[in-house]
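*Asks:* Protein chains in written order, with numbering that gives the first Met the number 0: chain A, 0 to 469; chain B, 0 to 93; chain C, 0 to 438.
Keep in mind the hints are simulated off the structure, nothing from the lab. Treat the hints with caution; some may be incorrect.
Claimed, not checked - Computed cross-link-like contacts, DSS-like style, restricted to lysine-lysine with a CA-CA straight-line distance of at most 27 Å: (1) C:Lys-80 <-> B:Lys-1; (2) C:Lys-224 <-> C:Lys-235; (3) A:Lys-330 <-> C:Lys-80; (4) B:Lys-87 <-> C:Lys-80; (5) A:Lys-234 <-> C:Lys-286; (6) C:Lys-32 <-> B:Lys-81; (7) C:Lys-210 <-> B:Lys-9.
Please read these numbers as outputs of a predicted model, since none were measured by experiment.
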Amino acid sequence: MSSMVNLTIKDAREKLDRKEISSVELTKVFLENIKKHNESLNAFLAVTEDEALRNAASADERIANGESTPMLGIPVALKDLFQTKGIRTTAGSKVLENYIAQYDGTVVKKLKAAGAVLLGKTNLDAWAHGSSGENSDFGPTKNPYNTDFVPGGSSSGSPVAVASEMALAASGTDTGGSIRLPASFCNVVGLKPTYGRVSRYGVIAMASSLDSIGHFTKTVEDNAMYLQITAGHDKMDATTPHVEVPNYTKNINTGVKGLRIGVPKEYVIEGLDPKVKDMIEETLKWYEDEGAEIINISLPHTSYAIEVYYIIQTAEVSSNLARYTGIRYGKDRSYFSDEAKRRIMLGTYVLSAGYYDAFYKKAMQVRTLLKNDFEEAFKKIDVMITPASPTLPWKLGAKTDDPLAMYLSDIFTVHANLVGVPGLSVPVGIIDGLPVGMQILGPHFSEAKLFQVGYAYEKAHPIWKERPAL
Amino acid sequence: MKINIPHVAKLANLEIREDEELKFESQLSAVLTYIERLNEVDTKGINETSQVTGLENIMREDTTSPSLSQVEALSEAHQTHKGLFAVKGVFENE
Amino acid sequence: MSKYTPIIGLEVHVELKTKSKMFCGCSAEYFGKEPNTHTCPVCLGLPGALPVPNRQAIDWCIMIALALKCEINTFSKFDRKNYFYPDLPKGYQISQYDLPFGKNGEIRLKNGKKIGITRVHMEEDTGKLMHQEIEGNKTTLIDFNRSSLPLVEIVTEPDFHTSEDVVEYLQRLQRIVRYLEVSNADMDKGDMRLEPNISLSLDPEILPNYKVEVKNINSFRFVGKSIEFEIKRQEKILESNKTPAQETRGWNEERNETVSQRIKEEANDYRYFPEPDIPPIITLESKIISLKEGLPELQEEKISRFMKLFGISEYDADILTREKGLANYFEEAAALGFKKDIKAKQIANEIINNKIDYSSTPVKNLIDEILVKSKVEEIDEAELEKTIDKVLSENQKAVDDYKSGKESVIMFLVGQCMRLIGRKVDANFIKARLVNRLT
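So here's chain A without its partners, still in its complex pose (with noise of 0.2 Å):
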């Protein structure tokens, strides 16, 4: 149904409201999308055919007693780390290859009380380990706009399920950069929202301090009406603050005149594409001729997020896999694969008797470093603007031998994790037939801004509609 491409949930909305369609047939046109490309992309681990069409009766029912609400009868996918009762959960990993999830989390439950349609469950790197998609147990998810390149990861099923029309929108985690890279690789918008903003209760935990829970849409008002039914305080998760959800939708428009964008010197760094820094300098001057300051800021300890990063990811890493023995549940501790252990190593080696001041302690005192020198930027800005990766996407395979290079795509995005602050994803521009995407960074809980920043841009520049031939 050639009008289905490019269907937005904002436009799918109308037409479930106006009863153009049904979302049992949206959600089969979707089913049927899946069918075609899963095989190549690998996007999908698990799809729940009855489950779907289940869910899409019911909201088609509530639909025609009047009920209008954002995600109400759109089909949906979940990254495999988030826990659907009965459904199995693999987050990956051979451990769990066979595991059924013995209940529903927090955004699980939101999103089918919203009467969200779930598709099926998204390919991701095993335990979240990764930023290219590569280290999935299940083979890798290519990228739709050249299957020979890494979609990005670790949430590297659910941009490609959106990039490829096989969900409307998807779910993600980010806890180094594991959505706004990838969505950036994707030509998708990828939401990483402030830490504690969306309950983490029932997904599963890669590092509990840094872990965001977010989503991928392929515009940024549909990634807002999505926000609108997950964010909130969770009586389940004790790290979620009592901060009111505003509309996110409501003044998404609004522009960007006086608005103070801050560039940060250190992002400017020699192993940054040189046509990536070209097109992320455009964007700023667009948003300059829009009416917005560009200044220029510095966030010192920049140079020494990844390691910062790398301690105390892996420390919690090595804590939060350690109820994976295979007794209660899933396979034993043989089966994690090599990335897997060599990050529980590292953890528990930067936890250790005698190495604990010297990694752990210190990593958590630059961690305030860090905090210091985001607080200080944020009294002169509202928002920055940075590439989301320093490269375009690399051939799969390219980093594979060599772990540490693979760390450092990170070096744009753990930053925002280790302080907690939200980011989004937005694309900006297709290089060489490759996606290349920008991150909007604001304060805690300032989403809205960052909807209306991206917004205005997409506004002028839908990238977003060049969809990749599949």
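Based on the hints, put chains B and C in the right spot on chain A.
*Replies:* Chains B and C alone, transformed into the frame defined by chain A:
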């Protein structure tokens, strides 16, 4: 910086084959060397950040909520016996 | 007299009797229930579950710390203690490391000895293991009903030198938590657990370079036995010029000995780090004061007050205050007895000597019983005079003794009169009459 793989693997309850030890040692040593750059940063008098929410005193009231049924709790277990999880013998006394 | 002094430090775990568990809403009343029926994603350690701490448990932990005269840390947090064992579902225990709720407290024993309380902290309990042979295979079975129950850990300085002091300390501690009504502290049911660290030293001021932890002491009656056994065992080793191994041993109640535990926590590297899922706990001065004021009168204070107010002995006061319920009963009875002119001492005697079950004997009944027993009969003048005449004439020696200054003899004469009369009459009245006659 050299990392003692057998020792760390034991702490982490991971079995690393002897023929893999060298591979992991070199990969992790490379990462550790990179990470050691942190020593350049002056952190005298700087507090540690372990929480970015700024939250305090998040607690719940002492009320009960429904538990999983025994069937649900055991549903994914590798081995069970009369309502209990079962695992190969772990001994305490000789 | 041994040349070695035992150096003993105690770790006691008290299970709080909250309604729900420490980090989730599962019911904490798991005793006797079907296995694995009181679990949820949180206490079962399922992927994606998160802990939320129980406010009541934390308040009670602080109350225990206050009752033990501890300083309360204003800033406190939970930490992860990482180790692998089948009864630990997450592969880490949420506990407290460097900033426990309470620290630097004390308890004083009867002999005046001060026992330092190093720390009082909160942690979660583990599941329960059972070892069985099933179809020829040695199997370990796990019940997670107990997993994540709130535990308060109380650690002492190595100040103990005798097993008797240890027993007394445990009794006092048990009484304190029972008075606070935060735990049943029943060793047999596992809601009070003891792990002594024992070593021997030639010089009590110098800590030896090893210590042995003893686990699995499941009843009060084994406390003294197990410690004494361990002391003797270590002495033998030291006498042969060797040092006892630093290890964990288990008390085997069938063989009456401590046994080395084959599963040693070889790499006791718990890799503690702050629990990222739980924000820190700030206990302000105002909260500490309000908790302190809310503390019930503890046994020590009650004993002093009873002695002063009711004029009873320390011995009797100690017995009457062993259980808060009994103490309250006694006070109620004393108040009622006061109206009926019965002394508190009488009530105390009645309760103690006749082992009154206070939970089944209403106070009014007790008082009535005492009244009946202390009722004195009347005696008429004529009978009294006749009795006194007889007694005095039959006990000339006593009369002479009394007249020559031996005043205590009067009680003998009173007794003789009482015997003759054969009924319960007012002894003081008889005494007064006798004194009159003899003067």
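*Asks:* Can the restraint linking B:Lys-87 and C:Lys-80 be considered satisfied, given a maximum Cα separation of 27 Å?
*Replies:* Cα-Cα ~24 Å, so holds.
*Asks:* Could you grab the alpha-carbon distance between C:Lys-224 and C:Lys-235 and see if it respects the 27 Å cut-off?
*Replies:* holds, 17 Å
*Asks:* Hey, C:Lys-80 versus B:Lys-1, does the alpha-carbon distance stay inside 27 Å?
*Replies:* holds, 26 Å
*Asks:* Assess, step by step, whether the Cα of A:Lys-330 is no farther than 27 Å from the Cα of C:Lys-80, and give holds or violated.
*Replies:* holds, 24 Å
*Asks:* Run the distance test for A:Lys-234 versus C:Lys-286: straight-line Cα separation, threshold 27 Å.
*Replies:* holds, 23 Å
*Asks:* If you draw a straight line from the CA of C:Lys-32 to the CA of B:Lys-81, is it 27 Å or shorter?
*Replies:* holds, 13 Å
*Asks:* Within a Cα-Cα threshold of 27 Å, do C:Lys-210 and B:Lys-9 meet the stated pairing?
*Replies:* holds, 25 Å
Violated hints are absent here; each numbered hint is respected by the structure.
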